[in-house]
Amino acid sequence: MAKITLSKLRHSYMPHPKSAEDYALKEIDLDWSDGGAYALLGPSGCGKSTLLNIISGLLQPSEGQILFDGTDVTALPPDQRNIAQVFQFPVIYDTMSVFDNLAFPLRNRGVPEAKVNDRVAEIAAMLEVTQMLDAKAAGLSPDNKQKISMGRGLVRDDVNVVMFDEPLTVIDPHLKWKLRSKLKELHQRVKATMIYVTHDQTEALTFADQVVVMQDGEVVQIGTPVALFERPEHTFVGHFIGSPGMNVLPAELRDGGAFLQGHNVLLEGAITGGEGTPQIGIRPEFVSLGETGLPATVRKVSDIGRHNVVEAMIGEVSVKAVTEGVPPAPGSNVHLNFRQDQTRLYRDGWLATTGEKT
Amino acid sequence: MKTENQKAWFFVAPVLVLVAFNALIPMMTVVNYSVQETFGNNVFFWEGLRWFEELLASERFHAALGRQFLFTGIILAIEIPLGIVIALAMPRKGPWVPVCLVLMALPMLIPWNVVGAMWNIFALPDIGLLGYLMNTTLGIDYDMTQSPFAAWATIITMDVWHWTSLVVLLSYAGLVSIPDAYYQAAKIDGASPFKVFRYIQLPKMKQVLTIAILLRFMDSFNIYTEPFVLTGGGPGNATTLLSIDLVKIALGQFDLGPAAAMSLIYFAITLLVSWLFYTLMTKDDAK
Chain X
1 MAKITLSKLR HSYMPHPKSA EDYALKEIDL DWSDGGAYAL LGPSGCGKST LLNIISGLLQ
61 PSEGQILFDG TDVTALPPDQ RNIAQVFQFP VIYDTMSVFD NLAFPLRNRG VPEAKVNDRV
121 AEIAAMLEVT QMLDAKAAGL SPDNKQKISM GRGLVRDDVN VVMFDEPLTV IDPHLKWKLR
181 SKLKELHQRV KATMIYVTHD QTEALTFADQ VVVMQDGEVV QIGTPVALFE RPEHTFVGHF
241 IGSPGMNVLP AELRDGGAFL QGHNVLLEGA ITGGEGTPQI GIRPEFVSLG ETGLPATVRK
301 VSDIGRHNVV EAMIGEVSVK AVTEGVPPAP GSNVHLNFRQ DQTRLYRDGW LATTGEKT
Chain W
1 MKTENQKAWF FVAPVLVLVA FNALIPMMTV VNYSVQETFG NNVFFWEGLR WFEELLASER
61 FHAALGRQFL FTGIILAIEI PLGIVIALAM PRKGPWVPVC LVLMALPMLI PWNVVGAMWN
121 IFALPDIGLL GYLMNTTLGI DYDMTQSPFA AWATIITMDV WHWTSLVVLL SYAGLVSIPD
181 AYYQAAKIDG ASPFKVFRYI QLPKMKQVLT IAILLRFMDS FNIYTEPFVL TGGGPGNATT
241 LLSIDLVKIA LGQFDLGPAA AMSLIYFAIT LLVSWLFYTL MTKDDAK
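Residue numbers (the numbering used here), protein chains in the order written: chain X, 1 to 358; chain W, 1 to 287.
Same shape as in the complex, but just chain W (with noise of 0.2 Å):
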């Protein structure tokens, strides 16, 4: 007989609460507001959803959501090759091993805005280090602040500069956890070094990699204060990525409905291709 009582609430609880303070609270918030409209004063109308259907129509959106997806998908399309490279480049014993590493970890370790801070300096044309390089000394033209080229190539240089490093690091450790005898086995059954990587290597980085492209695509999609603070989203309109966006309409016009309608409609997008992702990846694991 199994005696039933209502004792596991007091095991929940404590996660209900936090998750309930954390989370639901705050979104059920941006709910309420994505179906209103309000002037201030605290006083709001019934909209239902008007600006959901204004926001999904408007190109101001489509343009906004289709830079955050070239952006992420560039980033990824580098950070990811890159990473593994580097970390199949990496020593995996020896005195280098934690000089390495210490050094891989360094870009991550920076504060976001001084990033953006440090690459907006680094990047001006006149003063900054990069910028002075690139015009007066290559005399290619560059400048961030007037070409759009010049700032998508900023700032993916300078996230990749930042982010890389996340991917060597989970790389290198599916790699280190590959036994000695896999590589003495590919060794003896005559394997070249790409069948060692394709049929060795790749496949014991499969689980972390997955958790790495998560994580990069997450993070880049909701990429703000970095561009933010090195081209605030221009010039123009050509750097302003969704997260930028969404706080122009949310404190800089104090749309507070259509922001909110926005935000969720962008936590939708996040979700669904992190979700489609990660179960395309996982479903052989399954089986």
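If we strip away everything but chain X, and leave its shape as in the complex, we get (with noise of 0.2 Å):
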């Protein structure tokens, strides 16, 4: 187990990159600390699965460096480096039994029998496959064969990092909940740093202790589950987390204030400086209906069980907003209100406020 570090990191997937976007990683300073558990979020096509193959020694980066506890492991290949990782479909050697295949890695680094099997048996009983490891593995069910192909990642006890590569993809929803809260279980056991690479921002949020959220080869910001939710610090966080996402409006700077469509909106703190294009943000969980406040129509209102998400017009923008009780028909005229320390200004999408009031 071990510290990673990744320093100045950049890849391209062509032979000579010119320009930013022939870069599919853009310049990763990222330092992922022994036995924590972390999670790459991203769309698709982010960079998320690049950056997750550099660290596993698949793909040789551009540019940069990676560290494993402080050595340069940047030229080694994957089996030297000591990790494993689980892909988004089940790899399983289909001719061998459940068994085999869990002790695969372990006698091909020659580990001897008798350690092989306490260790089989150990990550056998902690996946609940026990029962199983006579059978042959090409019979099994899709849940299952990931199961294995996870076990193989956590076999061999002297792994600097398990990396996930979107490994639920495949399973059936009832069951993902299932393997989900295991993979928690299981990294409380074996305190191996973890690294889970999803676009699911709820696969992401219950598994992992730090988040890191990647967009067009960027990392945006990192931090715990609720930091993410509740301060985003870039526009592109807000909208990606959440459901729905943060309310982006179209701000107008004057006189010291941020006003949204002639109105004045108070914010959580004071406006630092710089340029950009103001936009205020806020999610749809902290605006309100009430008597008084920003006037709006109702356009539209969803029932999304527990909640309605009544989406309402001021003047040109809509804005989303999550209530409770009976909801207001679409055309009727509501008055808005943002919780002030839940709103935020953001400059070409960066966080621009402080946490502290004026």
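Worth flagging that the hints you see were computed from the coordinates, not collected in a lab.
Each hint should be verified, as a subset may be incorrect.
What the hints assert, rightly or not - Straight-line C-alpha distance at most 25 Å; calculated BS3-like pairs for lysine-lysine:
1. 195/W with 136/X
2. 93/W with 195/W
3. 283/W with 136/X
4. 182/X with 136/X
5. 136/X with 187/W
6. 204/W with 136/X
7. 195/W with 115/X
8. 195/W with 283/W
9. 187/W with 115/X
Both chains come to you apart, so use the hints to assemble them.
Printed below as a string of structure tokens:
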């Protein structure tokens, strides 16, 4: 187990990248501490799988270094990095039994058979596959196959990091939840550094202590699930995490305050200096309907189960609010209130208010 | 309530008619010949199972059958491993893929009698490229019209040249269908190249290899044109394979009855071996 440092990492799939757009990864500097549970979250094509393959050594970065506990491993092939990876589709060795599948990474490294037996038994018990050990792996259901793939990753006790590349893609929804909590439990038991790549926010937020959100080959925010939800540092994070995502509204700055369609909006704190297109960000959960406030017209109401999402127009701008109780009828006039400590200003997408009140 | 009617026959009938004309009726003619004796003029005498009994006891048939199994065994033992090795060595991506595929397909595009004629000329001791090279340049005594060993070596080399490509193309199709994740996982698991072959590539090629072996078995077991053109079954009877012997009996000696009986036994052997092999190979999958 090790601390992993990515230093000035860049990668391009083109032989001679010129502009920043040619890079699938644009300068990544990251520290993953020993024993942490991380999630790499981002939409498809944001570079998260590229980053994962670079850490595992399946891909050589165009520039930069990867350090395990301070040692440069950039040039080492995957088997010498002592890492484990679980892929999107379960990879199992069809002709082997479940036991042999789990023992495979150990036997390849010349681990004595007695220790192989112990480790396989231990991992099988953790994954609750002990009763299948003698079965042929080819006949298993997809979720059990994926469990075996995970088991092969976890069976070595000296791995630096275990990486999961969207491992629940092929699993039935009702089993996803089970496997996810199993993973969380495994992390607590084996104490290995784990990196979980996904585009599913629920998976990322339930699994990880720290979530790394990526967009277009860049890391936009690293934080706990709560921090990502409550104080997104970038409108992308606000929009990508949460359902529905954060309201991002065009704003105007004058007289030291922010205005939305001519109405003054109180922000959480002072506006920091700088340039860039200003936008107001507020989560629908913190917008409420009241007797006074910003006048708006209800355009649409969607029932999302326990709550309603009310979409209302302030002038030309549509704002979503999550409300409880009986929702207003479409077409009716309402007043919207923004909770001040959750209302922020963004410039060119990046957070531009301080948390302290002025 | 299920309604029962006979409409399904309309859907099955075209196939039945087709099969009747291209298989059942010709086959029954052969069955008809196999139990009778004829001296021409469309006059037939009933002989019962006599031809079958005589054939199964005949030295000549045993020898031809033995040669047939030997030939098929040798070419399978060469073509299957060689085909796999070539398929493994072929590039999976890049501009060379179509080049390799076309090169591989070329021998299979040549008509069978042309293949026989080509190799016949190629191997002629005094003017053929191979024959001249062996005899004059290398000083090895090589004449397939004189030496049974040379004749066998030539027909086997010819068949390997002609048909290894089929095994290559089928194996290659199996190989390219393996997702990259398998190779990546094997790398991370620390598997050696041999283990990658043994536990990933070979199992994933199993189905196409089953088909390849079946096709090569049936084709080589029924081979006629190429050895007929190349050696004509000689020297002596050294390369008289089953089908060559069959044609000698049927057309050379015009013994229609024995030839028909031989055809049926021949057919039964091909069918039996193919069925046994296929059943054994697919036994695990059915579970």
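So, going through the hints one by one against the coordinates:
{"no.": "1", "hint": "195/W with 136/X", "verdict": "18 Å, holds"}
{"no.": "2", "hint": "93/W with 195/W", "verdict": "22 Å, holds"}
{"no.": "3", "hint": "283/W with 136/X", "verdict": "14 Å, holds"}
{"no.": "4", "hint": "182/X with 136/X", "verdict": "23 Å, holds"}
{"no.": "5", "hint": "136/X with 187/W", "verdict": "22 Å, holds"}
{"no.": "6", "hint": "204/W with 136/X", "verdict": "15 Å, holds"}
{"no.": "7", "hint": "195/W with 115/X", "verdict": "21 Å, holds"}
{"no.": "8", "hint": "195/W with 283/W", "verdict": "24 Å, holds"}
{"no.": "9", "hint": "187/W with 115/X", "verdict": "22 Å, holds"}
Checked against the numbered hints above, the structure breaks none of them.
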